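From just these sequences and the hints, can you work out the full model?
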Amino acid sequence: MSTLIIIKIIIILVIFAITLFIAMYSTYAERKIAAVMQDRIGPNRAGPWGILQPLADGGKMFFKEDFIPAFANKKLFIIAPGIAMFTALMTSAIIPWGGSITIWGQTFDLQVADVDIGILYILGVVSIGVYGIMIGGWASNNKYSLFGAVRSSSQMISYELAMGLSILAVIMTTGSLSLKDIVEAQDGGKWNVFYQPLACLLFIVCAFAECNRAPFDLAECESELIGGYHTEYGSMKLGFFLFAEYINMFISSAIISTLFFGGYNFPFMHDLGLSSNALTIVGTLVFFAKICFFIFFFMWVRWTLPRFRYDQLMHLGWKTLIPLAVFNLMLTGGIMLLRDLF
Amino acid sequence: MLSNRSIKVSNKKMTFWERIYLPAIIGGMFVTFKHIFKKKATIKYPEQKRPVSDVYRGKHILKRDENGAERCTACGLCAVACPAEAISMIASERKMGEENLYREEKYASVYEINMLRCIFCGLCEEACPKEAIFLTTELVPPFLERQDFIYGKDRLVEQVDKRVDVSKRKLKHTV
Numbered sequence: 008m009s010t011l012i013i014i015k016i017i018i019i020l021v022i023f024a025i026t027l028f029i030a031m032y033s034t035y036a037e038r039k040i041a042a043v044m045q046d047r048i049g050p051n052r053a054g055p056w057g058i059l060q061p062l063a064d065g066g067k068m069f070f071k072e073d074f075i076p077a078f079a080n081k082k083l084f085i086i087a088p089g090i091a092m093f094t095a096l097m098t099s100a101i102i103p104w105g106g107s108i109t110i111w112g113q114t115f116d117l118q119v120a121d122v123d124i125g126i127l128y129i130l131g132v133v134s135i136g137v138y139g140i141m142i143g144g145w146a147s148n149n150k151y152s153l154f155g156a157v158r159s160s161s162q163m164i165s166y167e168l169a170m171g172l173s174i175l176a177v178i179m180t181t182g183s184l185s186l187k188d189i190v191e192a193q194d195g196g197k198w199n200v201f202y203q204p205l206a207c208l209l210f211i212v213c214a215f216a217e218c219n220r221a222p223f224d225l226a227e228c229e230s231e232l233i234g235g236y237h238t239e240y241g242s243m244k245l246g247f248f249l250f251a252e253y254i255n256m257f258i259s260s261a262i263i264s265t266l267f268f269g270g271y272n273f274p275f276m277h278d279l280g281l282s283s284n285a286l287t288i289v290g291t292l293v294f295f296a297k298i299c300f301f302i303f304f305f306m307w308v309r310w311t312l313p314r315f316r317y318d319q320l321m322h323l324g325w326k327t328l329i330p331l332a333v334f335n336l337m338l339t340g341g342i343m344l345l346r347d348l349f
Numbered sequence: 012m013l014s015n016r017s018i019k020v021s022n023k024k025m026t027f028w029e030r031i032y033l034p035a036i037i038g039g040m041f042v043t044f045k046h047i048f049k050k051k052a053t054i055k056y057p058e059q060k061r062p063v064s065d066v067y068r069g070k071h072i073l074k075r076d077e078n079g080a081e082r083c084t085a086c087g088l089c090a091v092a093c094p095a096e097a098i099s100m101i102a103s104e105r106k107m108g109e110e111n112l113y114r115e116e117k118y119a120s121v122y123e124i125n126m127l128r129c130i131f132c133g134l135c136e137e138a139c140p141k142e143a144i145f146l147t148t149e150l151v152p153p154f155l156e157r158q159d160f161i162y163g164k165d166r167l168v169e170q171v172d173k174r175v176d177v178s179k180r181k182l183k184h185t186v
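So the protein lines, in turn, are chains A and B. First residue of the first sequence? That's 8 in my numbering, and the numbers climb one at a time after it. First residue of the second sequence? That's 12 in my numbering, and the numbers climb one at a time after it.
Relax, there's no trap hidden among the hints.
Below 30 Å or equal to it, Euclidean Cα-Cα: the simulated DSS-like pairs (lysine-lysine) are:
1) B/K173 <-> B/K55
2) B/K117 <-> B/K106
3) B/K164 <-> B/K179
4) B/K164 <-> B/K117
5) B/K106 <-> B/K74
6) A/K326 <-> B/K24
7) B/K55 <-> A/K71
8) B/K70 <-> B/K164
9) A/K67 <-> B/K51
10) A/K150 <-> A/K67
11) B/K55 <-> A/K67
12) B/K70 <-> B/K117
13) B/K181 <-> B/K74
14) B/K23 <-> A/K326
15) B/K141 <-> B/K117
Over the 10 Å line for every Cβ pair with chain A, so calculated as not near, a few chain B residues:
16) S21
17) M25
18) K74
19) A80
20) C86
21) E96
22) N125
23) P152
24) F154
The set of hints was computed from the structure by calculation and includes no laboratory data. Values in this document were obtained by computation on a predicted structure and should not be read as measured data. C-beta atoms are modelled at their ideal positions from N, C-alpha and C, and glycine is treated no differently.
Laid out in structure tokens, this is it:
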């Protein structure tokens, strides 16, 4: 029992470190990808190829004056970035990062907690995530921040519906809410993206909206709202907001790969003749490769598509995505029913 | 309608294929992806410099003749020609024994160009009858003090051991 706790603590720390590391280097990747897509070079001064840039940015953030506007609600102003960061980090607890690993005759899952209601937990935590933005925007006492906060909360609520409905189709086919079960069910190349392409598309679109990423970055709108909910923030509080956003992107990529792209499964994984432990390690690496691809995908889309107008956003969410998700749900149900009948 | 430049706006209904946007999005993403492999436009400045023309009009130089004597006779034509009034000078008479320093009997004991006023038009070198002042490809660097931008003879006169080739700019005159 005590080894189990130790192993779990190690897993938690490692995941925490990896999450922060990837979020840190996502900022670098974002700038680099933005640059190469615009025929520029991007950061290349701090260290070789600029790989120390995130450290320099972090250092700068820490040394900035920690300013709180006079008319801001101090308590809420301070607590908001914390909430954003907290909820962003919480989701990583239930993602199955790999299969099981056997050490000293004991088998451990590379997962902090295999919660039975995994997906419900994700949806729950994600919907708390909006509070960080909302409280931040409200506490700033600035019209642009308030606009950003209002936009982002209504956007998140609208897209959470379509997101939940699109996940529901996956849950129906798998018959479980546990992410571990969902990944195991995709073993052997039976990835959900091939069975639920529409749900996958809807989920990815909603994930973009939930992360407040372009083309759904109306909450921030650098060009219109000068940063939206974090206009009044500076120093590491701003850093926390931006960081939380990148963590969200990382987690979203992880969830997309888990739900639709087989998680740590990869094609022909059982034909390689690897031992169980080696297979787990390779599977985890494959999982991270998938995550990195989706992070790249997020950035790729950001530097391709222009931002939606607000009415277009709501139109897309309520009149297109939700009906499509319901249609997909009914289609899935119908096919399952037919399969049971015949 | 008077200008005949009004453009007819087409408000035709989008087809289903256009309305789902996905083909357009994929097309757009393909375009951005192609740009990853394109040649970058950036010039990494301190290490790499943009090539300038041979007749680029940069910082001025006061030439010496082949014996190393200053060519300038302080006639003041450059100062008169200067549209920005950036040039000022004080003329002096050459003393005995200074023949190797100054080409003719009169020379400029003080010659100053205010690089903040200068517009680098090159009229001074066009006005010069003695082929004494030329513009070079060198740039005037930034300074923190305004005073530092007033270049005196110490920074303008060509160094004997570091001759600057201005033949490219001379060619322009003869043509």
